[in-house]
Each structure stands twice: as structure tokens, then as C-alpha cells.
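Residues per chain are reported as follows:
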Amino acid sequence: RFSGYKNVGRAAQRQKERRQEYLERQKEQRAEAHDRARAMFDDDYFEEEEE
Amino acid sequence: IAGIELPFGQWAEVIDILMTNVTSPTSNERLRDSSLAALGYICQDINAPAVEEKSNAILTAIVHGMRNDEPSILVRQTATTAMLNALELTRNNFANVDERNVIMKVVCETTQANDEALRVLALQCLVKIVSLYYNYMDAYMKDALFSITVAAMRSPVDDVALQGIEFWSNICEEELCLFYQEQEAREEGRAPAVVSRYYAKGALQHILPLLLDTLAKQNDSEDDDDWIPAKAAGVCIMLLAQCTKDDIVRLILPFIQQHFQSTDWHFREAAIMAFGSILEGPSQIVLNELVEGALMPLISTLSDSHLSIRDTAAWTISRVCDACENLVTRPIVLETLVPALFNCLTHEPRVAANACWALSSLVKAAYQNAREQGTDDNGEPDSYVLTPVFPAMVAKLIATTDRPDAKEARLRIAGYEALMELIKNSPKDCYVHVRQTTVDVLTRLQQVLSLEDNLMSASDREQLRDLQSLLCATLQSVLRKIHKNDAAEIAEPIMTALMQVISRCSTVRDSEGVLADALFAVSVLIEVSGEGFARFMDVFKPYLIGALQNHEDHLVCQAAIGVISDLCHSFKDKLAPLMDEFVALLLKLLNDPNVKHEVKPHALGCFGDIALALGSHYVRYLEATVTYLMNAVEAAQITNPEDLEQVDYVESLRENCITGFTSIVQAMRDQPAGVQALSSFVPQMVTLITIVANSGNISSDEVQASAVGLVGDLIELFGQNIRSLVDTEPINGLLQRCRRSKSQRAKAVGTWASRELAHLKRSGAN
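Those protein sequences? They're chains H and R, same order as listed.
Residue 56, in my numbering, is where the first sequence stops; the numbers in between run on with no holes.
Residue 1113, in my numbering, is where the second sequence stops; the numbers in between run on with no holes.
You may find that some hints are simply not true.
Claimed, not checked - A short, non-exhaustive set of chain R residues, derived as facing chain H with CB atoms under 7 Å: (1) V582; (2) I760; (3) H916; (4) F918; (5) K921; (6) R1109.
Said to hold, decoys possible - Calculated from the model, a selection of chain R residues having no Cβ within reach of chain H, i.e. all distances over 12 Å: (7) Y483; (8) S624; (9) T659; (10) D813; (11) G955; (12) V1033.
No lab work stands behind these hints: they were computed from the structure.
The C-beta atom is built at its ideal place from N, Cα and C for all residues, glycine as well.
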């Protein structure tokens, strides 16, 4: 409970967030690499489907 | 001994023996007391079905020991301590109304005991019960719990009052959690499992005056680490504000207005504290109205004569900056606010630390505001309202971290955190200062590295470790901002310093945090330098391998795995010559039963990054690595949804397995031998996708998006061969959920994979 008082727990929280942000960035990199390998973002993908 | 034997189903009779020792009329005080103490330890230490099955016997003994007519206070205290430890194991007893009544009756009666320590223990039981068994509390709240806890809050004994306040803080936390669960259930069109009874809202008008009274009973001493009712009351008001939203404002405002300028500092501080405590919860309109009138008087309290008031005022301003970005970033406010905060940086360490946090919040607010006005393609605004004071802010923050008393009140940490926030939230026209700060931070790191050997005391070493960690973290934030050409120029001295940090960590105890932060900084440098990082690989590799082999320190291992992933993304197949070694080390880590389980999913995800880097050449590692992914699918089961640690671990395992499989499937596209080898693993991959499909909202949008992405990739690779495996009700349901998701990526990937499946079905029908 003490960590909720004023800014007592904020530094630990920020450190946790920084490590989380780092992991998130890695996940985003993976997701981007996966999506790049798929036809989903090809300009003509959905057009071909419409045809 | 019971701790060792009971989990293996041995010595089950020990509980009955101890129970009989407590309940037998012939047992003396010492035997009753020791037996209850033993039961308490057993409940505390063993989380095994063997103990839960015996909860009736345990409770019989404990209730017997707690009852009013037990003549020994010592026995009653020990029994109540055992009750506190047993509460988690009595889920079944709480589900039964008669048994629940017995437990509640004895605990409530014990809160009225004459012995103070016993009263505190019984109140601690109530605090825990309300968190564990909130949904059973209706029958007791009005007639017993409310009056017991309100009386406790009024107690002149701190330990008793603290438990009374804690009870209501726990109620608020439960109800906040239920509020979010109800919201989630509503969005998904289902009824929530448990609903809030809004006890906090109902009790607000009765408990708030007590909390406000308590708020003004601060210690006159300046020891900031004591946990006293005044502080607990502040936290409780914060939680009440989040639960009751606008309702609290009307009730608390008279107290704030009456005491804001009181001549008694206790009330002046309590008024500011009360104001700061309600800045999260109420609606934006109400908050703006509240802050608009109070902001300038609040800023003037930063120069109050009393230390506690300046301290609380600086904290309150950080809350105001978080809550009302538009109000604090008006030039007319900044004209007064910024110099006042700068001035506070020279005050006592605790005031200066809160001023640092206020500056952290202020720069975030200003950057957010500027972003809303428009940014470039990278999401950076050209300028912002703090540009004119930016260099002064950097200089003053750095000077603050240099204060000889900066180790007090966590001031140094707050100073570096503010500096990091400032760099992170800097617009384009402050870049020149960001670049200079990179050089300054590096110089500091070099100075610190030259210091260490001469230091003697353990406390100094700890300070130094903290400082190294902070400097590495600050390097990460400046490197993220720095332009590529500038990064190339400064990469060498940065890398030299980081390797020195890493090298020292291997000889200094308790330095895993520093080592991890240094590795995170290396990761950012790899990301910024790209293939330019190659020049450091020869010297860096031994350090990286050392960190990967450091199985005892999970943070270090995890950071090292992250570095390999970043190398994969930057170097692609140029990393091939090093891969045998990296894969072998990752396999070794997965095989080590002593490695903390939360690290292993990251190793699995890393296989995927290696596959993405090597493409079809990954085939040489396919057999060896996929087996681990398969085993992980088996392990990715949630057996207890209330065990949040387990839920997080399983989610991480599923996520990393799915992304790992996806990368491998994509890498094998042009590798017939790989496709052939993968085909036998498809049913297991589909099992994993189906687990995610059936797990509903336990899986995040990202995991669901990744799962449908894998569906699409499998269809692309295996076509009609796997149609019956993927065209199932759960997977179709998952695809539909993703198409309708609020997450852009889940929507896009869901739409794409659905079309792949539709295409497959159409072509199969022809």
C-alpha cells in the first residue's frame, strides 16, 4: 500500500514500464515482419478478391 | 516436516493430531498454542490440495482457539494468526453459508477483544476476507463490518486505525476491479460473474469525514518512511475517488476550501493532500473546473514555509499535470509554474524528488498537447511550449542528480527519471540538446566507471549500481531519439562504456539489474546502428554468451535473448555464422530446470526471430527447435484462472509459441524439405490456435491476431490438405471476433485470414 502513497512507487513502476515497452517493441517488430510477408497489405490483394 | 511430506500425500494425519491437541479439554495452554502455531505455519507454507482437503479440521481447531471463552490470550492470538494464514484454503467453507457464518461470527467477535494485538489480528482477517470473498459479504456488511471498521478507523491506536482504513481501501480495489470486469462483460454482451455492490459509494459520506480527520494527524517528525494512518487515509481517498468519481468532489470540497489557508500546517497539508488525492476518477469537466480555480494558489504553496506542504504541493502538481494537460501547459501558467518547480529542485530531497516527478508529468503533458496540434511522419512535433526552457531543464535536472544528498528520498532516481521523460518527450527543435545530453550521459557513465574500484562501503556500492542502471536507462532513451548519423559517431564510446559495465557486473555481486539495463541499452544501439553494429560483434559476443549462460539471473537471460532477437532483425542472414552457437545456448537454457519459467517463452519466441532472419536456411534447426514449441503447447494450460501469475505465464507461452510457429512457417515457404517436415506439426499448431479461440477474453487482441495470422499462413502453405483442420467452429468464431475487433491489427489480419479461408473453401468446392 505504501507504494501507492505520493510518488513512492513511481520509479519502480517506470522501470517496469520501460522493460514492458522494450518487449512491446519487439512484439511489434515481429508482427510487422509477419504482416510484410503476407499478401494482406499488397495494394491489389483485396481488388483481386473483389474480381 | 509437514511442508515436505503433505504435498506428497504423506503424513495426512498430522492435521487431525494438531486439531485434537487444540480441542481436547485435557490439553494445556502450551500444547494448544504450539499446535495452533504449527497449523498456522502449515497453512502459510503449503499450497497443496492435501491441506485444502483438511480445511474443516483446520478451521475447527482455529475457531476453537479463537473463541471468546478460550482463557488464554496467547492461544487466541496464535489461533487468529493461523486464521489469517488459512483464509486462502477455506474457499469451500466460505461457499457454505453455515460454515461462513461461523467463521465470520468468530472473526467479528474477536475484533472486539480487549487485547489490542488480538483486535489488530482479527481486523487483518477481515481485511483479507473482504478481498478474497467479496461476493459473500452482503449479509455482514450493514450489521457488522461497516460498524466494526468505522470504529477501528476512529481508534486512537494506529495499528487498529490502519486496519480499518485498509479494509475500505481493499473494498475500493475490489470494486474497481469489478467495474472493469463489468465493463468488459457488457462490451462482450454477457453477464459478469460477480457484480459490484457499490459499498464504497454507499459508505462514502460516512467514511470520508473520518478519513479527512485522519489526514490531518500527520507526524511532526520528518521521517518519511513511517506508515501511519494519515498516509493510509490519503491512499484510501485516492481509491475512493476512483470508485465514486464525481460524487466525492461535492463532499470533499468544503474541507479543502476551509483548510487550504489554515494557520495550522496539519490542516493546510491535509487540504492539499485531499485535493491531490481526488484528481483521478472524477470526469474531465469536473476536474477542469476544480483545477482551474485552484491552480495558481496551489503553485504558490510550493514556496510554503513548511517542508511537508511544499512536498505535498509538488506531488499534487504532478497529479494536476497528469489530469489536466491543457490547463497546466498554458503559457500564463508555465510562467509561474516552471520557475517554482526549478526552485523546488534546490529544496530538501523529498521536495526536490516530488518536483522532479512534477516535471516528468509536465513534459509529458506538453508533448502530448503538441502532438495533438500535428506531427511529422515519425509522430514528432516540430516544437512545443517548453522549448524555451528545455536546456535549462536538462541542466537543472542533471545538477539535481549531482546533489551530494541525492541518495535521500530517492532524489537521484527521480532526477534521472525526469531527464528520461524530458528526452523522450522532446520535439524536433530540441534535438541539439538531446544530442548534447547523450554526450553528457556518456561522460558521466565513464566517470562512474573510473570511480568504482576505489569505493569501499556496501552502501556506496549500492548507490553506484543504481547510478549505473539509471545511466544505462537514460542512454536507452537518448539513443531512441538520436539521428542515425549521430548514432554512428557516438556508437563506439557508448559501446566501450557499456561493455565495461557488463564486464564489471560479472565480478560484482547483486548487479543483475545493472547488467540487464546495459544489455537493454545495447539492444537499442543495435536497433539504431543496424548493420553498423557489426564492428562490435567480435568483442561483444563473449559478453552476450556470458549473459545467456547466466541462468540464475532471469532478468539478464531475458535481456540477452532480447539482444539476439534484435541482432536477428538487424543482421538477417548475415548472422548465420553465429547461429549454431546461439541456438545451442537457447536449447541449453530451455533444458535447464533451474531457469525461472518466465524466461523460457522468450527463448521460444527467439527461435522465430532466428527463422525470420535465416529464411529457408532455418531448416537445419527445424527439428531441434520445433520439438520445444510442441512441448510448450502441451504446457500452455491454465489450471487455475485466479492464479494471475500462471495466467500471465501461459499467455506469454502461447503468444511466443504462436509467433515462433508463424515465423518458422513463413521461413519454410520456399523450402520443400521444411514444408514436409512441418506438415506433421500442423495438428499441434491448430490445437494451440483452438486453445486461443476457446479462451475468449483471457487472450489479448494481439494474441488473437497472431493466432488468426498463423491460420492464414498455414492455409497459404498447406492449402486443401489442412482445410478440415482449420474450418472448425472455434476457429471460425475466432476469425469473426478478430474481424469485429477494435484492434486495427486484429481486424486487418482477421479479414485477410478469413478471405484466405473463404478462398480455400471456394476452390475446394470447385
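Comparing the hints with the structure gives:
no.: 1; hint: V582; result: holds, 5 Å
no.: 2; hint: I760; result: holds, 5 Å
no.: 3; hint: H916; result: holds, 5 Å
no.: 4; hint: F918; result: violated, 13 Å
no.: 5; hint: K921; result: violated, 16 Å
no.: 6; hint: R1109; result: violated, 11 Å
no.: 7; hint: Y483; result: holds, 24 Å
no.: 8; hint: S624; result: violated, 10 Å
no.: 9; hint: T659; result: violated, 8 Å
no.: 10; hint: D813; result: violated, 10 Å
no.: 11; hint: G955; result: violated, 7 Å
no.: 12; hint: V1033; result: holds, 18 Å
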